[in-house]
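**Student:** Each residue of the sequence shown is one higher than the last, beginning at -11 in this note's numbering.
No lab work stands behind these hints, which were simulated from the structure alone. This structure is a prediction, so every number in the text was calculated from the model and none was measured. Where hints are given, some of them may not hold.
As the list claims (entries may be wrong) - Label pairs and their computed distance ranges (CB to CB):
| # | residue 1 | residue 2 | range |
| --- | --- | --- | --- |
| 1 | F8 | F29 | 17 to 23 Å |
| 2 | T20 | E(-1) | 27 to 33 Å |
| 3 | T0 | Y21 | 32 to 38 Å |
| 4 | T22 | E(-1) | 20 to 26 Å |
| 5 | L7 | G27 | 15 to 21 Å |
In this text, a Cβ means the ideal position worked out from N, Cα and C, and glycines have one as well.
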Amino acid sequence: AAMLRAVLAAETAYLEVILFESTPPHGDGFTTYTYDLQGHFSAAGATTSAEGDIIQV
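Take the sequences, apply the hints, and build the full model.
**Tutor:** Printed below as a string of structure tokens:
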């Protein structure tokens, strides 16, 4: 028999992603893009897989 168990997201994580893109035509400069993300995650362990979602702030 299969067992179904609900896992509730209880932990919050904040992540800042910074992307650098070279500027054409010679790549002498760059443009910076910054994204702030917030995620809600469940606890992870040997018997529980990490699950969650990331939403843009």
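**Student:** For every hint, state whether the structure bears it out.
**Tutor:** These are the hints, each one checked on the structure:
Taking the beta carbon of each, F8 and F29 are about 27 Å apart, not inside 17 to 23 Å as hinted. Roughly 29 Å separates the CB atoms of T20 and E(-1), a value that falls within the hinted 27 to 33 Å. Here the CB-CB span from T0 to Y21 is close to 24 Å, at odds with the stated 32 to 38 Å. For T22 paired with E(-1), a C-beta distance near 23 Å keeps the hint of 20 to 26 Å intact.
In this structure the hint that L7 and G27 lie 15 to 21 Å apart at CB holds, the actual value being about 18 Å.
Figure legend: structure checked against the earlier numbered hints; hints not met, in rising order: 1 and 3.
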